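Asks: Sequence:
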Amino acid sequence: MSYVLGVPRYANTSPLYHFLQESEELQFRYGVPTELNQWLLEGSVDLSLVSSYFYLANADRLRPLPDFSVADLGPVYSVNLFHKVPWDRLKRVALTTESATSVRLLRYLLEADGLRVEYTSEAGGLELLERYDGVLLIGDRAIQTYAGLLPALPESVHQVPWQVGGVQVTDLSMKWYERTRLPFVFAVWATRKDELPPPTVVRKLRAARQKGLGNLETVSLAEARRLGVPQPLMQHYLWNFRYQLEAPDRLGLQAFAEAVGLAYPDDYWDV
Numbered sequence: 001m002s003y004v005l006g007v008p009r010y011a012n013t014s015p016l017y018h019f020l021q022e023s024e025e026l027q028f029r030y031g032v033p034t035e036l037n038q039w040l041l042e043g044s045v046d047l048s049l050v051s052s053y054f055y056l057a058n059a060d061r062l063r064p065l066p067d068f069s070v071a072d073l074g075p076v077y078s079v080n081l082f083h084k085v086p087w088d089r090l091k092r093v094a095l096t097t098e099s100a101t102s103v104r105l106l107r108y109l110l111e112a113d114g115l116r117v118e119y120t121s122e123a124g125g126l127e128l129l130e131r132y133d134g135v136l137l138i139g140d141r142a143i144q145t146y147a148g149l150l151p152a153l154p155e156s157v158h159q160v161p162w163q164v165g166g167v168q169v170t171d172l173s174m175k176w177y178e179r180t181r182l183p184f185v186f187a188v189w190a191t192r193k194d195e196l197p198p199p200t201v202v203r204k205l206r207a208a209r210q211k212g213l214g215n216l217e218t219v220s221l222a223e224a225r226r227l228g229v230p231q232p233l234m235q236h237y238l239w240n241f242r243y244q245l246e247a248p249d250r251l252g253l254q255a256f257a258e259a260v261g262l263a264y265p266d267d268y269w270d271v
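Under this note's numbering, read the sequence shown as residues 1 to 271, first letter to last.
Since the hints were made in silico from the structure, they are not lab data.
The model shown is predicted, which means the values in this text are computed figures rather than measured ones.
It cannot be assumed that every hint is accurate.
[To be verified] Simulated restraints on C-beta separations: (1) R29 / N215: 18 to 28 angstroms; (2) L251 / G214: 22 to 32 angstroms; (3) P232 / R9: 18 to 28 angstroms; (4) R131 / E195: 38 to 48 angstroms.
All residues carry an ideal CB built from backbone N, CA and C; glycine is no exception.
Start from the sequences and build out the full structure, keeping to the hints where you can.
Replies: Printed below as a string of structure tokens:
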């Protein structure tokens, strides 16, 4: 019987599994974070990348691997609020239906600034700005939205503008960093709490991550072609991430738990 990994097909997770091969013993099931979260609880995937907020909210049922994350220190460039009015004048915001973590982070940041905002979950892109002050977009969709706004994407994420015409862009990870000076953890690998992941699978994941990070040019070329963006920009974008759950990342995850009123269970698989 195959062991099933839940994988979000986003560019920023690709270094973790680009060199991981499917087999009779190990299979992938792709989905957006909100789908993966549910599949893990239902049991249709065995080990999955899940939203950090979802993990924290279900820590009585889930347990993460001790040394994996998808995290960032400072701007992430792909968890963005695109808005047509200044941040402090936001009243109505459309939320992505793909990620619980990004939604909760946005709500926390707005509430921390004393703003009262009406939220609606709705799939779509910048066309939603016809009816809302802002729209939260994440992952590949956020990158491709930038591509649609600019005549040409630059070769470095540092050169991506934070305002294009009448559209302003607020990077939520940067907003978090300005408030806490800590990394923000977007996702962790987790299983159901009573089901220890096979050590052979964990070893394969670690080996795939090591090879992915050691060959970012190869990984970024594949993702750049998939999304139709410049390879140097994609490589710089991936280089910007933190894929180890190190002490600063755990502090960031703990701070996020406290910010949204959840307990932080320092409870990881020993594998």
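Asks: Could you tell me whether the CB distance from P232 to R9 stays inside 18 to 28 angstroms?
Replies: 22 angstroms, holds
Asks: Note whether the CB distance of R131 and E195 lies within 38 to 48 angstroms or breaks it.
Replies: 44 angstroms Cβ-Cβ, so the 38 to 48 angstroms window holds.
Asks: Is 22 to 32 angstroms respected by the C-beta to C-beta distance linking L251 and G214?
Replies: 27 angstroms, holds
Asks: Can you tell me whether the CB distance of R29 to N215 sits inside 18 to 28 angstroms?
Replies: Since the Cβ atoms of R29 and N215 sit about 25 angstroms apart, the hinted range of 18 to 28 angstroms holds.
In this structure, every one of the numbered hints holds.
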